[in-house]
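Asks: Please model the complete structure; the sequences and the hints are all you need to start from.
The primary structure of each chain is shown beneath.
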Amino acid sequence: MLEVRNIQKSFDGTPVLKGVDIDVEKGDVVAILGPSGSGKTTLLRCVNFLEQADSGTMTFDGETFEFGHVSRRDIARIRKKTAFVFQNYNLFRNKTALQNVTEGLIVARKIPKYEAEKIGRRMLEKVGLSDRCGHYPHQLSGGQQQRVAIARAMATDPKIIFFDEPTSALDPELIGEVLAVMRQLAEEGMTMLVVTHEINFARNVSSKVVFMEDGSVVEAAASRDFFQSPREERTREFLRTILGDSAELPR
Amino acid sequence: MLSERLIQILMDSFWKILLPGLTMTIPLTAISFFFALIIAVITAMVQFANIKILKPLARFYIWVIRGTPVLVQLFVVFYGLPSMGIVLPAFTSAVLVFSINEGAYAAETMRAALESVPAGQMEAGYCVGMSWWQIMQRIVLPQAFRTAFPPLSNSLIALMKETSLASSVTVMEMLMSTQKIIARTYEPMALYIEVGVIYLLFSTILTKIQSIGEKKLNSYGYQKG
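As you go down the protein sequences, you meet chains A and B in turn.
The opening residue of the first sequence carries number 1 in this note's numbering; numbering runs sequentially from there.
The opening residue of the second sequence carries number 1001 in this note's numbering; numbering runs sequentially from there.
Derived from the structure by calculation, the hints contain no laboratory data.
Even for Gly, the Cβ is constructed at its ideal location relative to N, Cα and C.
Everything hinted at is true.
DEER-style ranges, computed between Cβ atoms:
hint: 1; chain 1: A; residue 1: 115; chain 2: B; residue 2: 1123; range: 22 to 32 Å
hint: 2; chain 1: A; residue 1: 54; chain 2: B; residue 2: 1066; range: 39 to 49 Å
hint: 3; chain 1: B; residue 1: 1053; chain 2: A; residue 2: 27; range: 44 to 54 Å
hint: 4; chain 1: A; residue 1: 141; chain 2: B; residue 2: 1132; range: 24 to 34 Å
hint: 5; chain 1: A; residue 1: 18; chain 2: B; residue 2: 1209; range: 51 to 61 Å
hint: 6; chain 1: B; residue 1: 1206; chain 2: A; residue 2: 180; range: 43 to 53 Å
hint: 7; chain 1: B; residue 1: 1132; chain 2: A; residue 2: 157; range: 16 to 26 Å
hint: 8; chain 1: A; residue 1: 26; chain 2: B; residue 2: 1213; range: 44 to 54 Å
hint: 9; chain 1: B; residue 1: 1213; chain 2: A; residue 2: 242; range: 46 to 56 Å
hint: 10; chain 1: B; residue 1: 1218; chain 2: A; residue 2: 72; range: 32 to 42 Å
hint: 11; chain 1: B; residue 1: 1150; chain 2: A; residue 2: 183; range: 42 to 52 Å
hint: 12; chain 1: B; residue 1: 1038; chain 2: A; residue 2: 23; range: 48 to 58 Å
hint: 13; chain 1: B; residue 1: 1132; chain 2: A; residue 2: 189; range: 26 to 36 Å
Under 7 Å between C-beta atoms, here's a sample of chain A residues computed to sit facing chain B:
hint: 14; residue: 50
hint: 15; residue: 90
hint: 16; residue: 92
hint: 17; residue: 93
hint: 18; residue: 108
Replies: Now the structure itself:
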């Protein structure tokens, strides 16, 4: 469903993505792991055209695009079929929780207001926030804001949701509630591409893992294989650092 | 100190000063500020959106207008333009100059306010499928207006006082009406203080409106990140 080939991106002459391939099938939950500065976030932002990649191709939902030459109209069309969850939520600050969820439906998709609000309330209920519809972002905790952001992402019925380190800005005690919502979403069969530092999410929820370092993919494998029998020495080293000596142990 | 005659003069002149305040100073302020805001939003957005030829034009406009005295601008329009065959009524000249002048200052306020809206708001808008213009209208501009509201209120009060300069191009506003009464009564001290008090009254009302406006905006949840 999403196929990225040889994507390259430099910032001021410094290569950040050095030809990365990514494959996401329908229903996949792909976790992108890797140390800071490995290009994970840039990859995600390029795939949704928040950054312009220098070269490479992308096939999404049956259409192929070249990163250097995508028209504004194509970008708009792709974005209507995708959704993005940001590290720092980026809820519209002048809109209530419900309005945040319905905005994209009413304005970009011309869905009648009452219908959009019905969808919005259902989505907020799904993330456990039906009692917060009228709250503004600054009246919500970080975890609640991120759950609203996920509701906003789900509301447009996207083919894939991109998550950019969705729990990195959260206080530790709030991470669980967001991960629970993401897990539920994964179980419902939503296709997700998740940049994360949550190793347990990658191990227990995701179906595939892509390990990136220094702008390249070191190893991409099914989640089970990645954690139980990593092929690359660099992957083993990474897992040892993160998990301690239990890295060799299954689960 | 206050002789009966002086009190009588002050009482008689109060309405004669307040009336042009209501019929000249306030309309001049309100109309000029209205056009200034339109100019400001357009000039600020042109810069914010980085539109090629228009952006340097916007910078040039701000540079010229902020760099020259408003009194000179008034004289150019009212006394200068007629020599080129363009004769504008005094009130129209004043509206023109104050709109353009205030527009340049307010444009900078709006630009700063637009830039203070986090880039993530724009990105989030794109990601739910909105166009640049839709995001501007519904997300970025409302937030920018909230930020710009206090400094713009300041500008409005300053503009209200600045309209006294229009007296120098024959607009019969509060100051000029006062001067006329002084010419008749020879009581400059008392009458200038009187007109000052009326300006103060107007400013106080505007300040009050500002604080009510801010409270109202806050109740919409606009403040804070």
